[in-house]
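Could you build the full structure based on these sequences and the hints that come with them?
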Amino acid sequence: MLKLLRIDLLKLANYKAFWVLNGLYALLIVGIPAGVIEFLKWLKSAGAEFDGFDPMKIPILHFPDIWQNITYVYTFLKVFLAIIIVISISNEFTYKTVRQNIIDGMSRLDFLKSKLLTILMVSMGSAVLVFLTGLITGALYTPDMAFADMFSEIEFVFAYFLDLFAFLTFSFLLTVILKRSALTVFILLIYRPVEWIIIINLPTAIEGIGQYFPLQAMSNMIEVPFPKYIFQEINDDVNTTMVGVVIAWICLFVYAIYAKLKSSDL
Amino acid sequence: METVLSIQNLTKRYGRLTAVNNLTLNVEKGSVFGILGPNGSGKTTTLGILLDVINKTSGDFTWFGAPPTKAVRKRIGAILETPIFYPYLSAAKNLEIVAEIKDAPKANIDPVLEKVELLDRRNDKFRTYSLGMKQRLSIASALICDPEVMILDEPTNGLDPQGIAEIRTLIQQIASEGKTIILASHLLDEVQKVCSHFCVLKKGTLLHSGSVDEIGKGPVTVEVDAVGEQIESVLKSWDKAIDVKLEDGYYQVKLTDGCTAQDLNVHLFDQGLIATHLLTQKKSLEKQFLELLAESENA
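Chains as they are written, first to last, in my numbering: chain Y, 1 to 266; chain W, 1001 to 1299.
For the record, the hints were derived by calculation from the structure and aren't laboratory data. Being a predicted model, the structure only gives us computed values, none of them experimental. Treat the hints loosely; a few may be bogus.
To be verified - Here are the simulated DSSO-like cross-link-like pairs (lysine-lysine), alpha carbons at most 27 Å apart as the crow flies:
hint	chain 1	residue 1	chain 2	residue 2
1	Y	Lys-16	Y	Lys-3
2	Y	Lys-3	W	Lys-1287
3	W	Lys-1193	Y	Lys-96
4	W	Lys-1070	W	Lys-1029
5	W	Lys-1203	W	Lys-1056
6	Y	Lys-96	W	Lys-1056
7	W	Lys-1074	W	Lys-1056
8	W	Lys-1287	W	Lys-1193
9	Y	Lys-260	W	Lys-1074
10	W	Lys-1125	Y	Lys-179
11	Y	Lys-262	W	Lys-1070
12	W	Lys-1029	Y	Lys-96
Here's what the structure looks like:
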């Protein structure tokens, strides 16, 4: 297993675009919470009227709310990482290196594993970064630290990881089917709106299945956190049903990638 | 003789097109086996199936007497069609990936680069290489695991005469080390110069399989001319001449099996004719190949 990851990392080691784009993504992860606070400060200093309400008092970046708030925002950035994955995998098809890898002694399953391991590594690395960013930002802005609160909603980081891993696996599947990077990125970008249109147009009788569609299920894991500051509603748990649905989708994607690789002439 | 590769009734269909048709073939250890055939005759498809990048429709094959697995492919050094590498990586990095896949020691990288004379370019990116260098690098990559079998598909494609000569020397040198080489080519001259055995494919069907040494055997054709009007009738009435044709001012006489130019000369002399030109046509693979193709057209 490690050997397969090492092979894939050797391919990427000198691939500048991969590291530059990953670096930019990391910068966004770290930069957004700081940006939010600066924005709120700026609103305040600009004299924005909140009916006498101090925007700095909204506990957006306070433990434990921070976990749901930042992971929710970060899930919108996953397309960025997906594009990197699509480009690096479609390269294998355009350069025909996947063919040479097999000739040299990889099995198709080995190829799948080596790419999936890289995706896993990227997803885990990203989750660790999110965790550290959350930890530091939370520590900086939470007015009175209580240890119990710090990690009470930490499962959102896991949900973020799962969301990212599922989406990148989905991108891997699209790349294996479509092979061309530009086309794959295009389909990837329009997929979410298309899925959404299908969901809202479902006949009433089967309306309920809409929430199980792949990208809908992914986004259902972490619900929109911000209305709770207005409506005082409590929805600060990861949706465990959807976690199960997303894991099922991941298995299905991986199987579909395997079936596609197995049956195609490379 | 130990059999390295054994193919039984291998078939590959793309829809209605049959790319490989019921192919049965054996390759012995230590031979340099040429697969000949016009473009589109199924050479690369066959090799692709043998290397698991193309799925067969039916039939079977074994490598070293065992069913094909990825472990078997690690003992084979192969290139199909064009050299394939990561263009943004250096030669050394590319070979490191190959060595990692093949479980070959990294210490092999520099010696194989040395062998194909690319050692001084080892840190240059693959995309900066010329076509000849790319072909040489792919041979280096095939050699990295010290393979028992090498598969080369059109290794001299697109090279200039000097490059062709270089690759040919390299192949002969590798063959002299006792490795089995399978060489697909449409360049007959190339196959005749380096191969010990060959087969001919056409539209996926095997037309012929045999040793290169056998080519010279069988009936010979002698080019002849002599002083005197009656030469044509003398030649045509001779019972040992199968066929007499006038081509480019000389008579092309195909003799019965076992007869030589000497017999022809004696016959002419007996008939009172003196030969002014006598040349045994050296039978080339090219001629044999074209004959085989022509026979298959008529069949």
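Kindly indicate which numbered hints from before are broken by the structure, ordering the numbers from low to high. 2, 3, 12
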